[in-house]
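Line order of the protein sequences matches chains A and B. In terms of my numbering, the first sequence has 135 at position 135, counting the first letter as 1, and numbering is strictly consecutive. In terms of my numbering, the second sequence has 262 at position 262, counting the first letter as 1, and numbering is strictly consecutive.
Just to be clear, a hint being listed does not mean it is correct.
[What the hints assert, rightly or not] Derived pair list, reagent style BS3-like, types lysine-lysine, alpha-carbon separation capped at 30 Å:
1) B:Lys709 <-> A:Lys326
2) B:Lys361 <-> B:Lys334
3) A:Lys228 <-> B:Lys668
4) B:Lys677 <-> A:Lys180
5) A:Lys82 <-> B:Lys709
6) B:Lys594 <-> A:Lys106
7) A:Lys106 <-> B:Lys654
8) A:Lys187 <-> B:Lys361
9) A:Lys326 <-> B:Lys594
10) B:Lys361 <-> A:Lys326
11) B:Lys535 <-> A:Lys286
12) B:Lys670 <-> A:Lys106
13) A:Lys286 <-> B:Lys594
Simulated from the structure, these hints should not be mistaken for lab results.
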Amino acid sequence: MRPYLMKGHERPLTFLKYNREGDLLFSCAKDHTPTVWFADNGERLGTYNGHKGAVWCCDVSRDSRRLITGSADRSAKLWDVKSGTPLFTFEFDSPARSVDFAVGDKLAVITTDPFMEQTSAIHVKTISNDPDEQTAESALIITGPPRVRINGAVWGPLNRTIISAGEDATIRIWDSETGKMLNESSKETGHSKTITSLSMSEDGSHFLTGSSDKSAKLWDSRTLTILKTYETISPVNAVAMSPILEHVVIGGGQAAIDVTTTHHRAGNFDAKFFHKVLQEEIGCVKGHFGPINALAINPDGRSFSSGGEDGYIRLHHFDRDYFNIKM
Amino acid sequence: MVEGMSMTDIEAFGNRLGIDIRQIDLDSIQLPPGEDFGIPSDDEEKLRQEDSLEFESGFGNIIVVDNLPVVPPEKYDKLEGVVKKIYSQIGVIKEDGLWMPVNPETQKTLGYCFIEYNTPQEAELAKERTHGYKLDKAHIFAVNLFDDFDKFMKVPDEWAPPEIKPYAPGENLQQWLTDEKARDQFVIRAHHNTEVFWNDPRQSMPVPVYRREYWTESFVQWSPLGTYLATVHRQGAAVWGGAATFDRLSRYAHPQVKLIDFSPGEKYLVTYSSHEPSNPRDTHRVILNIFDVRSGKVMRDFKGSADEFATGGTGGVSGVSWPVFRWGGGTDDKYFAKLGKNVISVYETETFTLIDKKSLKVENVLDFSWSPADPIIALFVPELGGGNQPARVSLFQIPGKEELRQKNLFSVSDCKMYWQSNGEYLAVKVDRYTKTKKSTYTGFELFRIKERDIPIEVLELENKNDKIMAFAWEPKGHRFAVIHGESSRTDISFYSMRTATNTGRVSKLTTLKGKNANALYWSPSGRFILLAGLKHLNGQLEFYNVDELETMATGEHFMATEIEWDPTGRYVATAVTSIHEMENGFNIWSFNGKLLYRHSRDHFYQFLWRPRPPSFLTAEKEEEIAKNLKKYSKKYEIEDQDVNAQLSEQDREKRRKLQESWESWIMKWKQIHEEEKLERQQLRDGEASDDEEEYEAKEVEVEEILDVKEEIIPYEFDQE
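Start from the sequences, fold in the hints, and give me the full structure.
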């Protein structure tokens, strides 16, 4: 089916997120306003105004009432999804790069970038049910290695661990109570370049990472063993997993800085589908004219959206044929 | 050199560390034994493993001049002045680089001196130029390189018969031709690695044969018959080969070698280097060596300024057109020739001297080329005297130097010669001026070499103004292809040197209109041709059958920069080399345009098929095989089927296993997930739902009043 081309952002997209029911799609971009769309027809519902910098990441609570966003303006904000009013602002000393609600939505993990003297850090915040009682206090702060950016942090099973990945190509599992590092991916078998994205499976048993080393890898969330590797021909910026089929989708393309100097077809700005188990490429979806920075599959598994450096979100509903692919 | 520390420095350093150096008994310090004090250096380890490739002792820039007059101290300065004057003309003598020893008893000189230059090249040049220099009747200079003295001293005074080494059978260097699956090899160079593979299209993958890091310092090259792989290093070139692994077979010392070239029968290897002159106004100095490939001996060397070797031709490195020496046709490596000013110097390899001791004199000769099969030279002389003397193309027989045929051509701007691979035909592309001299048009002169008196036929394209973009003969065949037209819209025409009824006339077969192609690649066995659009055409490929005059397939290798057929004409490799940053690697296609497999590699530099020597089968035998091809091919078809069946079986098995292991992994997880269900529920404040919970979609209409505004609208009754 023809994709919906959603033009609402003025700058490159950075992140996409569906709510649990899959009727809303939240998008973040380098312009300062996260936006919410109807996930079915791509109609724009509204924006969340208040950030003063690029918005890197967002997460929505299970009941679709709260939205949390992390921004380069050195803050993370809690929003009321329905009215778009900011409820609370967490202030930091450096840009907030990634945010993730824990199971139960009573905790959130926020990572901050290394900046000047600051090292990168993982902050755990308690989220109050009543926004008036919300405090800025961190339940836990884990400092990362110096001068290495953490590009993604998500909660492990039962909120017991936090899994982080970043520029040093290493994935680390931390104890979410004590902040102790429990496990670290090996340099030999793991990624060899910056990990750009991290996506948890529906049930939290495994997660997918995308890296500039032109590959995506599937990991066991408890043991940190590599289950699968998906090789492609250009750096990977975004990854997502289908909740209903054994498919993964990875997107990326040559670095934005090189795009103007080469033919547009040299960029490989397609979303590539791989069979999750067989690690074979199934097909690809073309359309963006800049690298893909964000990918998300609807929780019903029947549509997906991609956000590019070109400022567009492309919302694709899968054809019937897609569900009959035989491998 | 690092200057040694003085004692005061050491003391100061000691003070800084809080040590009084004077109180230390230096003799009490015991250094570990051995030159390296027990600290092995990893560099050295490497050096020891690599057998030393060092050919210079470091005194290469010193010469010894003998037979100088013996003079008393009064005349010392005068003699020194004379020597200095002679030798500083040749190169820059180092400061204090001239040393004339003196007999301590008589205070007279000893009749020789040492001169140190900045570079070994200058020293060599000085030796060459002044050896035998007559200062006066009694004093004829004897000049030697300092390094050579060692060598000369080692020569025993008595002649001893050379030791005859027992014959050791070598490896079968052509083992690769006996591959059971009749596969071909190729070499690739990517990043620091040089790797040799089998092309295995049945398995759709390259099968590694040999791989080595830092194998070469610039490039690799197969010898023309595929026996050797040559690598290039700072100290010289080397060739590798063997039955199973690539062992070094021979080395050819040539410092700073830049280019190499094999003779067609791979008996000889020509190496080339160019050296910066110490005086920037001088031209580069060029050294060429011709080695015997098997013995590694230098058969002849050529030295001189770059100008002497830069005549004619185009391209090459630093003005020299490569190859400088072009080898005569056939694989017997009998002759080679060099283009000079008004001459073509033809050498023969028996003695490595000029044939008849003199060059072939041709006034103003601009270019020449050998027939690929026979000792025939074709040469081109441009128009002279403002058109009074026409341009001409001549054919000369070697070694007799008789002129076989000559053709005068008028108002010519340029000529290019194309030989058919069997030497049967020669096509000369002639660019002529139009009457106004403002533009040029192109025609062809076609020579039939093998026929009596060598008849010449003129061919002009239907549209004379078309530019010729490419021309290529069918290997071993009688057809040729031409790309002509403007760069945006090109046509491709095929011609045959025969017509259906008459073998002595050229005829056009067909013209393909409006093709996106700018390069032609015939299959080495003829019949099929790959029409390629490289560079700005982004790697469009069209596989064309010239027998049937139909397109078999079209394809694309985006951004492809290089195309090469395998030596059998069964497969084609297209490659994107490191000219482009993205998508480096190569694709292998079947002759009929089916993409067999891709292989991507970052920093991809070279792809070269290993050439095959010509077949030993006679023409009749080959014809017989062609006739009974069906019978022979049956066997291979069955083999193919078996392999296919096996592969798909393996594939299925592999997939099944993958799926199984995945499922078992998932099952294990599901169990844990189930066990944790309660805990998750607690985390969610007892919300009974888990991911598998079902929810109902309910439509709820909510009305929300955002804003209320009261406005009084003026209302007027209409009175009418």
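(message) Hinted pair, alpha-carbon criterion (30 Å max): Lys187 of chain A, Lys361 of chain B. Please report holds or violated.
(response) violated, 69 Å
(request) Verify the proposed pairing of Lys535 of chain B with Lys286 of chain A, using a straight-line Cα cut of 30 Å. (result) Given that 30 Å is the threshold and the Cα spacing comes to 24 Å, the pair holds.
(request) Mind checking the alpha carbons of Lys228 of chain A and Lys668 of chain B for me, to see if they're no more than 30 Å apart? (result) Within the cut-off at roughly 17 Å; holds.
(request) Decide if the proposed pair is consistent with the structure: Lys594 of chain B and Lys106 of chain A, CA atoms, cutoff 30 Å inclusive. (result) violated, 58 Å
(request) Assess, step by step, whether the Cα of Lys677 of chain B is no farther than 30 Å from the Cα of Lys180 of chain A, and give holds or violated. (result) holds, 26 Å
(request) Sort out whether Lys594 of chain B lies within 30 Å of Lys286 of chain A, counting only the CA atoms. (result) Holds, at roughly 24 Å.
(message) Need the status of pair Lys361 of chain B, Lys326 of chain A: alpha-carbon distance at most 30 Å?
(response) violated, 74 Å
(request) For the pair we were handed, Lys361 of chain B and Lys334 of chain B, check the Cα-Cα distance against 30 Å. (result) holds, 20 Å
(request) Mind checking the alpha carbons of Lys106 of chain A and Lys654 of chain B for me, to see if they're no more than 30 Å apart? (result) violated, 44 Å
(request) Sort out whether Lys594 of chain B lies within 30 Å of Lys326 of chain A, counting only the CA atoms. (result) Distance ~23 Å between Lys326 of chain A and Lys594 of chain B Cα, so the pair holds.
(message) Can you confirm whether the C-alpha distance between Lys82 of chain A and Lys709 of chain B stays at or below 30 Å?
(response) holds, 23 Å
(request) Assess, step by step, whether the Cα of Lys709 of chain B is no farther than 30 Å from the Cα of Lys326 of chain A, and give holds or violated. (result) Status violated; Cα separation ~61 Å.
Of the hints listed earlier, those the structure fails to meet are numbers 1, 6, 7, 8, 10, in rising order.
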